[in-house]
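Engineer: Two chains, two frames, some hints: make the complex.
Going down the list, the sequences are from chains A and B.
So the mapping is simple: the working numbering equals the position in the first sequence, first residue as 1, plus 200.
So the mapping is simple: the working numbering equals the position in the second sequence, first residue as 1, plus 1038.
Just so you know, the hints here were simulated from the structure itself, not pulled from any lab data.
Ideal Cβ positions, reconstructed from N, Cα and C, are used throughout, including at glycine.
One should not assume that every hint holds.
Here are the in silico distance ranges between beta carbons for each label pair [what the hints assert, rightly or not]:
id, chain 1, residue 1, chain 2, residue 2, range
1, A, L680, B, Q1453, 43 to 51 Å
2, A, G681, B, S1470, 44 to 52 Å
3, B, P1413, A, M315, 55 to 63 Å
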Amino acid sequence: MRILFALLLYPFLASAANEEVERLRNCVVRISVAAQSPDYRQPWSSGSVGGGVGSGFLIGERQIMTNAHVVSNSRLITVERDGDPNEYPAQILHIAHDCDLALLTVEDPSFFKGMASLSFGDIPDLHSTVTTYGYPIGGERMSVTRGVVSRIEFRTYSHSSLDAHLAIQIDAAINPGNSGGPVLQDGKCVGVAFQGLSGAVAQNTGYMIPTPVMKRFVKDIEDGSYDGYVELAVNYQTLQNPALRRSLALVDDDTGVLVTSIPQVGSAHGALQVDDVLIAIDGHRISSDGQIVLDGGSVQLEEIVERKFHGDIVCFGVIRNRETIDVDVTLKGAWPYRILAKTYDVRPRFVLFAGLLFQPVDRNFLSTYSIDDLEVMYRYSYFVSDEIYLDHPEIVVFSEMIPDSINSYFRELRNGVVEEVNGKTIRGLADLAEAIDQDVAHHVIRLVGQGRPLVIEAAQVEAARQRILSTYGITQERYLGLDQKQEEQK
Amino acid sequence: MKALVASILLFSLPVLVSAGQDAPTKSVIRVHVTSQSYVFLQPWRKTKPSSRRGLGTCVRPNQFLVTADLVRNATFVELERVGEPGKSTARVKHVDYLTNLALVEALDASFTSKHEALALTDVKAVGDATAVWQFENNGTPVLGEGRIKAIELGMYGSDSAMLIYKLDIKLAPVGSSFVLPVLAGGKLIGLSMSYTATGQSMTVIPAMVISRFLTDLDDGEYQGFPRAGFSFSNMEDPQLRKYAKLNGKRDGVYISDVGPGGAAELAGLEAGDVLLSVAGFDIDRRGEYVDPDFDRQSIAHLTTTRHVSGDVVPLTVLRDGEFMELSMTLKPLALDEYPSLPFLYDRPPRFVIVGGFVFQELCREMLKSWGGDWPSAAPRRLVYYERNQWDLIGPDKRLVILTRVLPTPGNIGYQHFRFEMVKSVNDAEIQSLEDLVAAFQATDPEFQTIRFRHNSERIVIDTASLGSETKLVQMRYRIPRMAHLGEE
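Looking at chain B on its own, in the form it has when it is part of the complex (with noise of 0.2 Å):
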């Protein structure tokens, strides 16, 4: 008994102590997500469904924002007042995954109409002090604060990296939650990402980005964050500059890779250059300028937040000695062109099956199915592909892939080939499923022949019984359908 109230106590005493603060009660909402992904190598299969909660916040009538992450394969999302009884059904209304941000609306908007939205606040410093707010289930707010201890480039997700304010401060987890807003001098400067108790270090998406994210939506087209679409290397190595001959007082970083299709290389930069400034601040040898909000940053500030899509960004670059000046028209990453999909949520992954055998498009996703250390437990050459896409695949192609075999009489002699690259269908060479499909229609009047890449064995089908064969496979195994390429 004794423990019990010692524990009540402890977990009352942070409001009694900051009095002077009021919790945004009125501004913030429960978000129940329930979410379901696909069993990316039986892609005709849905996992277990999962829940997750999170504090979502008012920032336009009826409009709460939580993180991309927490909505992620939503299929049922509810809103639940805090301390006020009764949940009302809720669907996401918008989501970037780049930028893990989202927003949810209550299907009924009467349901979030006394709650009011909270202001986001400008530009904080390393050193200010923050609040988060929880809140019991019985709506008692408990406070914990803290103090940003770092304003650096940080992962949104795999593929993204942007500005993030990291936190010390001391959390007790109230309520299981996953995404908590920041708070200081009672308006919004974050959403917090990630919280890792040992460290008591907790990211934080800054006000800055969440605004872009807002002002994007607000013309009612979203266009999504620009990237320039370069990778560099700091030129600390004085052997590195000389030779570059960037000579005297200027410094830069050495272009090591320029993306096919982005702002960069549609700007003229190449590997190889030197990038002595962008938008007119100078660059140092690490890759950083003097932000006026930040102090020092990276220059993917400049180019995914600071700036936005459709801004014009002159560059300065040192060419085989020569000062040339490019301009970069920013633009988003078109996504649809990656030739492995970063990421696939909230959609059917895309497969076909014909005969037992499972086709699949390479994609994140599917190699993520070999669990946390995938780039080692995944195949091997798999992996490769996916690492080298660009050059190995191509842009706006798809790897085909026999993920499987499901065994039937008429593949027997077949049921070894597992992740098998698919080259060709009857000598018409295959770039996505719909090529496939395609192949397969117009056929040999006899035999089918798939052939691979890296496997000089081939597959040789009857014509004949292949509508038989799929058919049996899909009433043995009970596959629901047989195919997914929609985009839907």
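Just chain A, same shape as in the assembly (with noise of 0.2 Å):
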């Protein structure tokens, strides 16, 4: 009886709140996706066909923002509003994964109508409360859940594993479903619930992006392209020991750190030098242990860098030969640190060849063969940081082996790193494929590490492949990357 008095009276005490709550049916959608991902054992094969549900809602003419994660490997995505019957089917306009947000934009207008957008908030403080609008598991309708904000950091973005950006964490569990739902706070949207944490580890944890991230990517958009976040690829030392200041000839101001290697690959390469000392970026000074002051908080001076677009200009103080210069950096993007990074929407590339699948190493390809190969492993660490894409653009290993009398001695050579074919230095997957259709006698394939080759006769290749294709049914013998376009003219 209790609980029925309960639920009579809550309509007339909670009146304000089921405003704001009517309010948001008509901002937030429910997202059904189907998507497909790809089988890396098999690279031929389409791969398995899965999908699920997230949110998302309106921030614009017919725009609706939700997670990178709920649209990936998308190959129908619909939208639903509460109380519309219909399902509409939905297009992604733009897609960040590496801040795990996308735009959708829905073709028939008629979904729009009587919708309203949401506008971005700021940053909410500690201990602040906020709601999350979504449709997670456990029912049909939409969901409301307070919770209180309890830690603002920088933390990684489980979507591609790689990223950290500023998150938040809040008390109220984020649920499969609520991803791409909105967090609300003095009606004005705060935040993209996004992830959480499984209840195995800890209870009533989850995490929403915030808005500067938000605002950040629909700048980027602007131009009408995603262009993702830029890397100042600059490695430093910071300068707190008193020997090591004097020997650069510093002051003892605890400010500055030494620039001690710059990538090649990076926006400071060209620019800044090594043994440069970084006193100030944009006008922010530097402390000797690389933190600023923004925004009245200090934050690791990289988070000048995180603000920025391609093209961006950042200034840096610099003390260089003793004397105080300006350098200014021009901001891009730094392609080897991406091979750390999960993907999406793209298809695994391979060559397979008498048997023999020949892959590049990725972070998708390694979560799939768990390889604890060493000149493997290692060659994937320190892939950044020893340069070693300069050399080897991409890391070509033989994976796997489709079992035939032509490859029957190979087994125990598998998860070797591919170094040379037919004379040919292996710098990357295309070079492989191009020394495979040269004309020789015998293949020879050598492995980093081992002395023995790989040794295919030619003559044998044609039969084993015809003998290969049909009996594993295998589609296509090579995938290198062309595009949609090339691809489907093919």
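Structural biologist: Okay, structure coming up:
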């Protein structure tokens, strides 16, 4: 009886909040996705079909914001509104895997009739209350959860598992389906619910993407394309040690960090120099531990770069050869880092030759194969820091074998890094594809650290190819990463 | 009570059954070993002592054969006669860790004067019966019987493969012994290296290896077992055989690697050669030959045991389709030439501590600090350098590592450095701890600068305060010695 009483009373007490909920019914949508994830063990196959649901919300003229992970690898996206029985097909306008945000639209204008968009607020205060809206598991209709802001800090976004941006932790659970839903405070959107911790690790812990990251995404796409985050790509050393400071003829003022190396592909290459002491960034003093004061708080100097875009300039105050100068750095991305990130909406690249599967090593590949080979893991781990990418833009591995009489004795050589094929040094998968197309009597494949080459008699290759393709139902022998149009033309 | 009676019966049963054989009571002795190793990541410290025991076999007057494993890092050795009271202090007379054999002797030879040397017996074949004797604490012998189930190449340690016998034998361990003699017809045919109760399988160092070990010692100067210094791949793949122009009826193996400075390299063997015969024996495509004693065996047996250091061994090789004859003079591994020592026992690891910075040289034993799965658990760079040591460090050189920083006021800002590879000190390239010490002494008057491989950060220290910082570390962390460079 008591429960019934409480339920009866609730509408009267919560009438103000109810108005808000009613308003949000016209902002928040449910997103259903049919997705297909690639199969790295059989990269010629089209991959397994799955799907899921998420949430999204209107942020402008026919623009629905959601998480990138909700719509990654999608084959069909549909959106629904509370109270409208129709499912509307939606299209991706922009998708940003590095900050887990995406923008969708729906062609049918009737979908947007009566809908309202949300405006962005600021970063909520610690201990303040926020409300999340979305369509999590456990029911069909819109769900509302209240939580308290418990932590604001940089955190790795699990969608790419590489990129770290500002994230806000709240004490409300973010469940599957919540993803992409808005988090509100004082009527404004202060974040996008995007990830949680599994119940086995922690309860009632959810994370949201705060508005600085959302605003940056919206600004990045203003020119019609998403370029992503930029990388300063400078390694520096903190300068707290007094002897180190004196050796650099620096005064004892707790200012500056020492540039120790500059990757060749990064923004700073050609502008900053090794042994430069960085004392200011865009007018903010850099302290000897690499921190700057921004908006009243202490943050790492990279935060300045975090907010910038491709082609933007960052200005450093630099002590070089005992003189203080200004150095401008034009910002861009640094592709070698992406090998460390999970990728989506890309087909696995591969070459299948004589039943031997060759694939480039990246995060997706390694999460499928869990390789413990020292050579592979060394090259992957130090790909960026040792600038291995300069000589080997790709680490090509003999990953798998389709058993056939042509390769009976190769099994134990799997997981080897390909060094040379038919006398040609292999810097990437395209090199390998080109090398095996050569007209030779024997194909000779050399793996790093393996004295014995893999030798394949050219005369046997064609017969083996026919056998392998038909027996194992293989539809494609190589995919080198041509774009969609070239693919369709083929 | 019933259970106790039963177990006593059970233990004594084998003795009754095997009345036909005599227990070698007069030829064995209990060896008690206390050992202590070093904490490799805090090299000034020793670990807690531990104890092991084994059964030594008398092979010469007052000379008892045990495995090297038993006496590794021994600090105190005692002998105890079987079934007789009293112990006598002993010492390790000789140890060869690559062959896993050692000799111990009583300091007072009269303690073992009644012992009789056990003769070694020659070649045994698969299927032959063997006897393994153990002794209860009161001296009662317990016999275990088993048969040789395989004669093959086996690991003597992480870097050493030589011939072993594998016995099929059921043993109830008695007197917690680590090492046991294996007999046949009252003579010694081998020494047990390991026993797995689940597989009822014992690995045994054969008499042939023991005999080589003793003969090598007899002339007063121990040379050690030779190593050819090459690795090979089998050539079962017909495509590989054809590619290597190995046509017709001959077989061989593909030489995949030739170790720098080794016997094979000095003989002119090259990677990519096809090895057809060694010492007059034809090699098959799996790397085996027909041994006069042991039937099909790996060529490793030829070059480690059948031939001894100093022997000149002919090799037949096919290179680019041409037959060639090479002659290889066998020699032992020069362990000191290893850039990363494969083992380091019976002596402390080398280290130098300067101003809280602990410098050591990369060696396998250091990596083993990360436990049994060190190849994946230890820092990846160190494992990679250990694996590729001949290329990345180079013969006769050492990789100096800053293993840790003991925090002091002077090294603030540097305390995050761990397992960094030292490249230079004051611009002098560092290829050993001696180089490091010399570079610190020949100094810049004001600063000492340390630079690293694979880390562009640097450490700059005040020359003036370095001495006092080092003293501070020594006092605060109570470190008994700040360097050990000796080879003792």
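Engineer: When the hints from earlier in the document are held up against this structure, which numbers fail?
Structural biologist: Violated hints: none at all, because every hint is consistent with the structure.
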